[in-house]
Amino acid sequence: MKKIFSYPTSLNKLTTHYCAGCGHGIVHRLISEIVDELNIREKVIAIAPVGCAVIAYNYWNFDVCEAAHGRALAVATGIKRYRPDNIVFTYQGDGDLAAIGTSETIHAANRGENLTVVFINNAVYGMTGGQMAPTTLLGQKTATTPAGRDASLTGYPLKISELLAQLTAVKYIERVALDSPQGVLKTKSAIKQAFRNQVENIGFSLVEVLSPCPTYWQMSAKQSLDWIRDVMSREFPVGRIK
Amino acid sequence: MTGNEAIAEGAVQAGCVFYAGYPITPQNELTAYMAKRMAEVGRIFIQSESELAAINMVLGVSAAGGRVMTSSSSPGISLKQEGISYLAGCQLPCVIVNIMRGGPGLGNIAPSQSDYFQATKGGGHGDYHSIVLAPSSVQEAFDLMFSAFELADRYRNPVIILGDGMLGQMMEPIYCTRKKRTTQNAQRTTQKKWALTGCKARSPNIIRSLFLAEGKLEEINKILQKKYKKIQVQEQSWEGLFLEDAHTVFVAYGTMARIARGLMYGLRKKGMKVGLIRPISLWPFPLKAFCNLPGVRRYIVLEMSYGQMLEDVRLAVERKKSVEFFGRAGGGIPKEEEILKKFFKKKVEL
Ligand SMILES: Cc1ncc(C[n+]2csc(CCOP(=O)(O)OP(=O)(O)O)c2C)c(N)n1
Ligand code: SF4
Numbered sequence: 001m002k003k004i005f006s007y008p009t010s011l012n013k014l015t016t017h018y019c020a021g022c023g024h025g026i027v028h029r030l031i032s033e034i035v036d037e038l039n040i041r042e043k044v045i046a047i048a049p050v051g052c053a054v055i056a057y058n059y060w061n062f063d064v065c066e067a068a069h070g071r072a073l074a075v076a077t078g079i080k081r082y083r084p085d086n087i088v089f090t091y092q093g094d095g096d097l098a099a100i101g102t103s104e105t106i107h108a109a110n111r112g113e114n115l116t117v118v119f120i121n122n123a124v125y126g127m128t129g130g131q132m133a134p135t136t137l138l139g140q141k142t143a144t145t146p147a148g149r150d151a152s153l154t155g156y157p158l159k160i161s162e163l164l165a166q167l168t169a170v171k172y173i174e175r176v177a178l179d180s181p182q183g184v185l186k187t188k189s190a191i192k193q194a195f196r197n198q199v200e201n202i203g204f205s206l207v208e209v210l211s212p213c214p215t216y217w218q219m220s221a222k223q224s225l226d227w228i229r230d231v232m233s234r235e236f237p238v239g240r241i242k
Numbered sequence: 001m002t003g004n005e006a007i008a009e010g011a012v013q014a015g016c017v018f019y020a021g022y023p024i025t026p027q028n029e030l031t032a033y034m035a036k037r038m039a040e041v042g043r044i045f046i047q048s049e050s051e052l053a054a055i056n057m058v059l060g061v062s063a064a065g066g067r068v069m070t071s072s073s074s075p076g077i078s079l080k081q082e083g084i085s086y087l088a089g090c091q092l093p094c095v096i097v098n099i100m101r102g103g104p105g106l107g108n109i110a111p112s113q114s115d116y117f118q119a120t121k122g123g124g125h126g127d128y129h130s131i132v133l134a135p136s137s138v139q140e141a142f143d144l145m146f147s148a149f150e151l152a153d154r155y156r157n158p159v160i161i162l163g164d165g166m167l168g169q170m171m172e173p174i175y176c177t178r179k180k181r182t183t184q185n186a187q188r189t190t191q192k193k194w195a196l197t198g199c200k201a202r203s204p205n206i207i208r209s210l211f212l213a214e215g216k217l218e219e220i221n222k223i224l225q226k227k228y229k230k231i232q233v234q235e236q237s238w239e240g241l242f243l244e245d246a247h248t249v250f251v252a253y254g255t256m257a258r259i260a261r262g263l264m265y266g267l268r269k270k271g272m273k274v275g276l277i278r279p280i281s282l283w284p285f286p287l288k289a290f291c292n293l294p295g296v297r298r299y300i301v302l303e304m305s306y307g308q309m310l311e312d313v314r315l316a317v318e319r320k321k322s323v324e325f326f327g328r329a330g331g332g333i334p335k336e337e338e339i340l341k342k343f344f345k346k347k348v349e350l
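Here the protein sequences line up with chains A and B, keeping their order. Read in order, the letters of the first sequence correspond to residues 1 to 242 in the numbering used here. Read in order, the letters of the second sequence correspond to residues 1 to 350 in the numbering used here.
No lab work stands behind these hints: they were computed from the structure. Be a bit skeptical, because a hint or two may be false.
[Stated by the list, open to error] Incomplete in silico selection of chain B near chain A, CB under 8 Å:
hint	residue
1	V58
2	G198
3	S322
4	I333
5	P334
[Stated by the list, open to error] Below, simulated DSS-like cross-link-like pairs (lysine-lysine); rule was C-alpha separation at most 27 Å, straight line:
hint	chain 1	residue 1	chain 2	residue 2
6	A	K141	A	K188
7	A	K43	B	K200
8	A	K43	B	K193
9	B	K200	B	K229
10	A	K13	B	K226
Beta carbons: idealized from backbone N, C-alpha and C, even for Gly.
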């Protein structure tokens, strides 16, 4: 009999610290499967963000570097330029990538660094207690927008993927959603594409994942998935952006 | 060669494989020199979008095992503090050049020594130290780059080269050999077992400064403190002149030490027993230089600041000797006459 499903070598056998229904654990696993399938585990160097996923290195079974909040793509630039034969990816939340790290993000993309970016958009700051993120939806209640996000005070949800798509050096951007089993499969194939692009020296590739944070959305796991499908993906339409 | 160029050439020959920087006066010649030379030797130069990005690129290269450098001047160095703290916390080697200018704020572009506290006392958050070296001539600036990269690797710690706008812009002839050392030094990575290279035939390496487990961070801090102790014992360096018979000793580093040296020779010609202590390592501060000098009655600290190294000199002599101070900052370089006027009552003409 042929074994068709097993635990990825790239994932350590641990229980994660993520809340029930959180998207981080799912994406960690998808990345691990992809790294195994592309047979690049011994070449991979990941950059962990500051955010709920800061200790991703506990779960992944390959080399990982921590970066200061928002600086992942600068750190990744250094590593990839110095070790072009390694496969370097960053894993970042919306606060990390699209608020404090906006400058590092735009300029790494504009230089066309041959990197893979996994961008977890959960529309809040998870780690610090559910504050407003640049991607928080209008009207969404967070710790720092108790009455709901008001455009006249805090502007609009930042569509950093669409912004990055304007840059000539950017090669691949896709937005996916973890709202259903099909969505998870699509997420996997998009992230796999982003890794393949790096292996083939194609250039800067980013996958934005609409990911549930039931804790700070104050919803059940199931409600969170429905909210992604019915509300969040209206603001952030899934599909290939570039 | 200018001081800025000598530092850059020294770095190249010491095996620096990657340089990232953001333009700021008075160190622009350094960045420009690196842009040209790094391409010549097939290494990596990046003009980054900010000093923050530069120091974090440096962190990446260092984590991946490469000898790496960035440079800036005071306001830019302030931005790098976040990264320096992370480099120290992750125990990553690198070299950071600060060609100081006047502050606070945007200040001006005149030479200054006002970043002494920032460089020697940590600078960023957390209990850490960078090793700080202060050249006072163009030749020494070149030579110290080799020590800087060696020390960084030996202790897995950031090393700061603390110069000032005068040293950076000044031209002096220097001896430098361009050949073998360059490539040899660039290939040092292999010995760094902790570096991120991909986990081939080994278990994964992790570079981190976050330690949440109960007691773990304290343990890490103790390891750091032990390392700093060792550096303090082993790496103090200074130049001492005429300390055997001196009654009055100038203490000055960098550009101010050049002025102090001139004064000292002038005064000695007049028969006055004057000496000089010139700290080369500012951290660790050369406490040993102040030991066993029973004949010294007074120390005169000279700085282009309002008294920063002064505090370390006071600690070094433990209030047993008189410590006096002259300093100016923000307006350029002090003149010999004003120093003489303050400290030598009888009119001395050199
Ligand atoms: C310089 C700095 N500022 C602030 C913080 C605090 N902080 C940690 S994580 C975070 C936001 C995390 O949100 P996000 O990037 O969206 O990731 P998530 O936790 O939602 O996965 C903040 C503000 C920090 N660690 N460093
Ligand atoms: S706070 Fe949100 S993002 Fe963080 S682990 Fe919990 S569910 Fe996930």
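Taking the hints in turn, this is what the structure says about them:
1. V58: The hint holds - V58 of chain B has a Cβ within 8 Å of chain A, the shortest such distance being about 6 Å.
2. G198: Since chain A brings a Cβ to about 4 Å from G198 of chain B, closer than 8 Å, the hint holds.
3. S322: Violated, because the Cβ-Cβ distance from S322 of chain B to chain A comes to roughly 45 Å (cut-off 8 Å).
4. I333: Violated, about 36 Å.
5. P334: Since the shortest Cβ distance to chain A is 39 Å, the answer is violated.
6. A:K141 <-> A:K188: violated, 30 Å
7. A:K43 <-> B:K200: Since the Cα atoms of K43 of chain A and K200 of chain B sit roughly 7 Å apart, the hinted pair holds (cutoff 27 Å).
8. A:K43 <-> B:K193: It holds: about 16 Å lies between the C-alpha atoms, which stays within 27 Å.
9. B:K200 <-> B:K229: The given pair, whose Cα atoms are some 35 Å apart, is violated under the 27 Å limit.
10. A:K13 <-> B:K226: Given pair K13 of chain A, K226 of chain B is violated - Cα atoms ~35 Å apart, limit 27 Å.
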